[in-house]
Amino acid sequence: MFPNFPIWPVRAATSASNLDALFIFLLLVTGTVTIMIFILVTLFALRYRHTIVEKPTPILGSLALETTWSLVPFGIFLIFFVWGAVLYFQERTAPPDSMEIYVVAKQWMWKLQHADGQREINELHVPVDRNVKLIMTSQDVIHSFFVPAFRLKQDVLPGRYTTLWFHAIRPGTYHLFCAEYCGTQHSGMIGSIVVMNPAAYEAWLSGGGGEGSLASTGQKLFQQLGCGSCHRSDTQGRGPNLVGVFGKPVLLEDGRTVVADENYVRESILNPGAKIVAGFKNIMPSFQGVVNEEQLLSLIAYVKSLQGSQQAEPVSNRPAVPNTSAQPRVK
Amino acid sequence: MATASAITAEREHYLNADYGFRSWLLTTDHKRIALLYLISITFFFFIGGFFALLIRLELLTPQGDLVQADTYNKLFSMHGQVMIFFFLIPAVPAVLGNFLVPMMIGAKDLAFPRINLLSWYLFIIGGGLMLYTILTGGVDTGWTFYVPLSTAYLGTHVVLAAVSIFIAGFSSILTGLNFIVTIHRMRAPGMTWGRMPLFLWSNYATSIIQVLGTPVLAISLSLVGLERMFHLGVFNPQLGGDPLLFQHLFWFYSHPAVYIMILPGMGVVSEIIPCFSRKRVFGYEFVALASIGIAVLGFLVWAHHMFVAGISLYSAMVFSFFSYLVAVPSAIKVFNWTATMYKGKIYYSTPMLYAMGFIGLFTMGGMTGLFLASLGVDVHVTDTYFIVAHFHYIMVGGMVMAYLAGMHFWWPKISGRMYPEAWGKLAALTIFIGFNLTFFPQFVLGWTGMPRRYHAYTPEFQVLNVLSTAGSTVLAVGYLLPMVYFLWSLRYGKEAGDNPWGAAGLEWKTASPPPTYNFEETPVVTWEAYNYDDLPKEVPVVG
Amino acid sequence: MSDSSEALATHELRHHFENMEQQRGASSMGMWVFLVTEIMFFGGMFMAYLAYRYEYFVAWQEGSQHMNFWIGTVNTAVLICSSLTMVLAVLAIQQGRRRLTSVMLAVTICFAMAFMVLKGMEYHEHWLAHEFPGSAFHFAGIDPRHVEMFFVLYFVMTGFHALHVLIGIGLVSTMLYMNERGHFSADYHNPIENTGLYWHFVDLIWIYLYPLLYLIGHHHVS
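Protein chains in written order, with the working numbering: chain A, 719 to 1049; chain B, 15 to 557; chain C, 806 to 1027.
Isolated chain A (complex conformation) (with noise of 0.2 Å):
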């Protein structure tokens, strides 16, 4: 509204849209409640003021005013809670056919990286109409990806990753801010987010990245690194087949299942003895140090994109067994 007087932050994407509905329902009806109290209290305080009472007129309570002035309050909180929750659980699960960028944060930028090679610092380009999901990680201290114009928040962690989606509706460019405190120059780690018109992106897009898509960028690392001498992809390798793996259930020594997540395959790299595939020994030697936040992002876009064409099933990753058939055996 008022370029030095913001009252209201700009909407942006389909979550502001959404949120904004709850917020003027709260205002709405937080301000009568508000509003009333106000006025009973200014107007008991007037009304019965000791110049013109005589007599106070003791009251001891009404079960029924206490009951009322519980529950309809209840209720309605109960309306907030619903409403509130469902807003946040759809933020939180990102549509599949998002496109997905990663991001880096450290003390005190944000590291952005597009799937086919572009890299930014504090700033991101995404296309209008879109879904984009973010996935974020801290080199060192805990961050927080905060875009006002999405009303969107998710801190950023060390050592995991977590996410964030979102559906931009209208070009521009939008603050983006830390939101965890995270040391001297917290509030210098502010950046853009600019949502473009679809063929501004694509001449954006094609402007840069020269180095190359970040899988095959994770590719050649994965050779570098010797990770294919015993990932291979048939069943004769001392580790596990990555071939389709990504997504899917994996069944561990210790005989609990997990999913092979971001955080799944980062674990791996840095401190394999954690969780060891069912049916392998724990060799694999720890690639804390050697590889630094980008480059694992790298190795897990990589992994991602080792789709294999065949499977409907997931693969099973036990060695010098053809039979491939079965989801792994839940104990």
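Calculated from the structure, these hints are not laboratory results. Please note: incorrect hints may appear among the correct ones.
[What the hints assert, rightly or not] Straight line, CA to CA, 30 Å or less: simulated DSS-like cross-link-like pairs of lysine-lysine: (1) Lys439(B) x Lys773(A); (2) Lys523(B) x Lys824(A); (3) Lys824(A) x Lys508(B); (4) Lys551(B) x Lys824(A); (5) Lys966(A) x Lys851(A); (6) Lys523(B) x Lys508(B); (7) Lys523(B) x Lys1022(A).
Position chains B and C against the provided structure of chain A, taking the given hints into account.
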């Protein structure tokens, strides 16, 4: 006002029973200990307030041009730590509670007077360490000490600050322990639970939280200290730890802590409103049980501080639900106080003005809590100025005003003097205006996206920041006024009688100031609390 | 309690209490409330332990295998015996048998000191085996990072426990001293009872620590 009267010198009471440093520093009289606390927490209030002014001054302009970034980070960290641990947590319990709990139940002292003195010394030691931390470079962890920032990335006196708060925490635990045992075991004959003033119910609920919650803070800070000193990996992901574990442990205490801070204030308001409406509290049982309800439910909501921290969807929903549940007893109290005023005989004394202000501002703060409990909204406003405004409405607009209400209400009992009423009203008004001007713009700032803990901000937020800073100067003046006139009243204030307000409660049945042993004879209680039907219809000292 | 023996003890009545019964009730309740705070303090540690155990069970098993089973078991027996002698001390003073009370308190202290000595030997052993967390830690087996976490929790939990044992030794010694000076009798011995409560609590914490730290031996699934 009247000239200094010689009357208080003729009769022996707790202030003149003994003179000299030793009689104060080695006292076991709960009333003297309350005054020791009063001086200490007032000192810390002004330190914390000074930091706040510097923060607001910096935020007049978008650029970080008053202090360096690191200094600013220290300012808001220490403002929070000092205000929370060395002012708000002890304020009403350790000052008004210590003074009044034994008197309100008709006892001669708390159950453990020496432990009471010990708790003050622990407070002083903790406070001394905090002062030392401040003077030797400060700490910039935020009051929340999040890891791994505080354990592995900061070079300031993190361990020292943690130790100072750890020690102050034990002060809090001992106060709570003392109150619980006192209320259970030392009530005067005839003083059943159902006849206790609501101030006691509130302090009892507060004590339960202090006793159950503070030890978890102690272990959280211990683990942070150990991790930092020995490079352990308890919370550090690089060494196998989980930073979220710290947040769970920290907030398990720190959420109930906010109820430690507000419940005593609610207790004060529950005493003042009936007195200046000249009638019983509406729904006494509901208000009493609401205090207990807040204490219990307050332990079940901690992860609403972590909705965007990376917790699971389902646990977030559980915590959101319980957060709405805990709002219900607070709402009940507000409705009951309002209903108490209905068909009363209202007096606009200074305590009553503060109490009415409390109802308004606490309601606003509480309503914004409803916004925060809603998961979708919280995602947008958490870690912004919306949160800052929310908790300041409750802590400052609510709690500090309740504290001032209590100080004005019981000042005659504590000192034997009346404060100057016109100045009291002026200060109350100044504080109310200054407060709203300071903090209401911050709701808008937060909603429009200004993050908290920002040394510099983007230019569009300036106008609201300037308004907020302007308000803070008014607020500061408002807080200075009582300092001056309370001190003034010690010498020149009109002499108060035993019961200038015509208030119900055992504390008003003894002299002002009270004798060291509180009552000449142990009272025997045969009446219900707030027996305003049997008390004069008028307030003797009309304000 | 007869009136005359009540009168014997009234010199111990603190001025703010109405009578000895109120004083006794208040002081016991005070100790119970204090023990609740201790439960919460240790509770935080137990929560951290449980959270990591759930996540890194294999490492927890590994770590537990490296505990000194025998010292742990002997220490458990030592503490349980010390609780027995503490109970006997309280029983003795309730019967007014001052000499026996002193003997029992002294034996309790001996057991407690034995616990501390054994614990010290155990810690030393871990130190020599590079199992002390921090820069000196070195573990050759699987998942060393999380085995180190196990040891962090081991040292923090048993360390705070040992601190409480030390405080307990101080308290019991004080009771012994006061008993020898004739402070206690069949009618007045609340401090000894309260010390007993504290001591049993410290023992109880150990009874939880022992299986959680020393007995995670066996796979439930292979």
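Has the given pair, Lys523(B) with Lys824(A), been kept, meaning a C-alpha gap of at most 30 Å?
violated (64 Å)
Could you grab the alpha-carbon distance between Lys439(B) and Lys773(A) and see if it respects the 30 Å cut-off?
Roughly 25 Å between the alpha carbons, so the hint for Lys439(B) and Lys773(A) holds.
Going straight from one Cα to the other, do Lys966(A) and Lys851(A) come out at no more than 30 Å?
holds (19 Å)
Distance restraint between Lys523(B) and Lys1022(A), which requires alpha-carbon spacing of 30 Å or less
violated (78 Å)
Take the C-alpha atoms of Lys523(B) and Lys508(B), compute the straight-line distance between them, and say whether it is at most 30 Å.
holds (19 Å)
Holds or violated: Lys551(B) and Lys824(A), Cα atoms, limit 30 Å.
violated (67 Å)
Straight-line alpha-carbon gap Lys824(A) to Lys508(B), limit 30 Å:
violated (63 Å)
In terms of the numbered hints stated before, the structure departs from hints 2, 3, 4, 7, listed from lowest to highest.
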